[in-house]
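K.L.:
Protein chains in written order, with this note's numbering: chain A, 2 to 269; chain B, 16 to 275.
For the record, the hints were derived by calculation from the structure and aren't laboratory data. Please read these numbers as outputs of a predicted model, since none were measured by experiment. Honestly, I wouldn't trust all of these hints.
[To be verified] These stretches of chain A come out as covered by chain B in the derived footprint (C-beta under 8 Å, 3 or more residues):
{"hint": "1", "region": "148–157"}
{"hint": "2", "region": "166–180"}
{"hint": "3", "region": "209–220"}
The beta-carbon is built from N, C-alpha and C at its ideal position, and this holds for glycine as well.
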Amino acid sequence: MLEALQMPFFQHALVAGMLIAVALGLIGPLTMANRMTFMSGGIAHATYGGVGAAIFFGFSVLLGATLAALVAAAVISFIAFRYAHRADTAIGIVWAIGMAIGVILSDLTPGYNVDLMSFLFGSILAVGAEDLWYMALFDLTALSLVWYFYYDFMALSFDPVFAKLQGVKTQALHLLLLGLVAVTVVLAMRLVGLIMLIALLTMPSFSSERYVRSLGGMMLFSILLSMIYIVAGLFLAYWYDLSSGPSVILVAAFGTIVLFMMKRKVAR
Amino acid sequence: MNQPAVEVRHVTFSYDGESVLENVSLRVEMGDFLAIIGPNGGGKSTLLKLMMGILKPHSGDVLLFGKHPDENGTIIGYVPQETGHNLDFPITALDVVLMGVLHKRNRIRRFDDTLREKARHALEKVRMDHASGRRIAELSGGERQRVLIARALCSDPDILMLDEPTASIDFNGQREIFDLLEELNKTMTIVVVSHDMSMVMGYAKHAAYINRSAVMHTIDSHTRYQIKQQLQGHEGHYCGAEFWQDMGKRIECTEECKHA
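So here's chain A without its partners, still in its complex pose (with noise of 0.2 Å):
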């Protein structure tokens, strides 16, 4: 049952889930408290726009899908604060601009065989090592931006008209937190698959809100959760030959449910 451990390709895919993680921990109860999983969701489809380009212009994949996804996190940033009213339409279009870019470049691309697959919906077998210390890195990066940043994000999170007042610059917190998104995104799309892992922002933030009393108590716990469904997601995708992200947010869905069910109703 355990020889997947013997793997190098395992051992890599499971470092990196860990990794990933943390970062999705962290970020995911932020987003989730600002409303912000639509807008991810416009930032990981449009990110395959950049995928897309990186195949067709023949450089890198993890190039071109941080600048897709940078550039959407700005885009949608800028339509929340200017166009409030309307901004979910206009982020569905952002959407799917994104996708039908990546779709169209790689259709063009000539004699092009990559598993196009892989991005969507993730691979077990997609990580290099390198990939690990972008990962690493991005961690930390993230880690010290939530913990100089804590007090602003929850200021945010839960009363941004307060937040404003007391000269917390809201719009720019915002725009980080997308920033943030979209790193995430990039990070996380080789294992998880870029269609599959925002369902894994928020399920495991969805789950801790119910059992804990502070923004810090909420990070930990979904970090944890997250480890737990994406190794376990990894190990059902080896011994079944499964899509990595479908095993992950399949079972995160099973994981979500139990723990509703255990405690309908917020901490009281």
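Position chain B against the provided structure of chain A, taking the given hints into account.
P.N.:
Chain B alone, transformed into the frame defined by chain A:
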């Protein structure tokens, strides 16, 4: 004459071309307890946001203690409407109150013991110190509103501005909030947006009726006293109809009232 706490001069404001306020002028003197009343959509909350500097008037001026709201100096204690929209967010009462001193954190952006002590003191003032470690979702609507008032007090404000503080609170909770505001008014200017006429008439010193334009009313201490007596006499319910009935009745002025 003393400098007013708030001066609104010929302010006009519109949302997307639809006029909300037209040529509104009013003064709030220091130590006043002003209630902003009027129909829904009449511009009450807009006027409050203009006073706080969150919105900018299209024409006219808003001055707080003689200065424009974005000029540094005036600290506004803002208490938002208790809508319960973010109740699921895990946060304790003490952490909510600490938001009132957010800009006073130390170099590594943490709250030190002095600030925590200040927050606990603010909770004491609103008689919520027993609940400092409790999650905000565990509290009743009235308790939650008192925590939000403590948050505003924690920032040592020059003026308190409250937007419908009792909108979703039961009768006794509302009376407690207004009793608290009356006590705070001894040392602080208060502006409150409210749709609850009976509370306003029982506690506020002035009322500004806002429906695109403004009409000021003075509520004399006799009326206040009488209405407060009516409010005290009702346990759990006091609806608009009863209030107007009481108003229609010729209210006898008692000895106590004359000296109130």
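K.L.:
If a hint holds in the structure, say so; if it doesn't, say that too.
P.N.:
The hints, checked one at a time:
no.	hint	verdict
1	148–157	holds (count 7)
2	166–180	holds (count 4)
3	209–220	holds (count 7)
Checked against the numbered hints given earlier, this structure breaks none of them.
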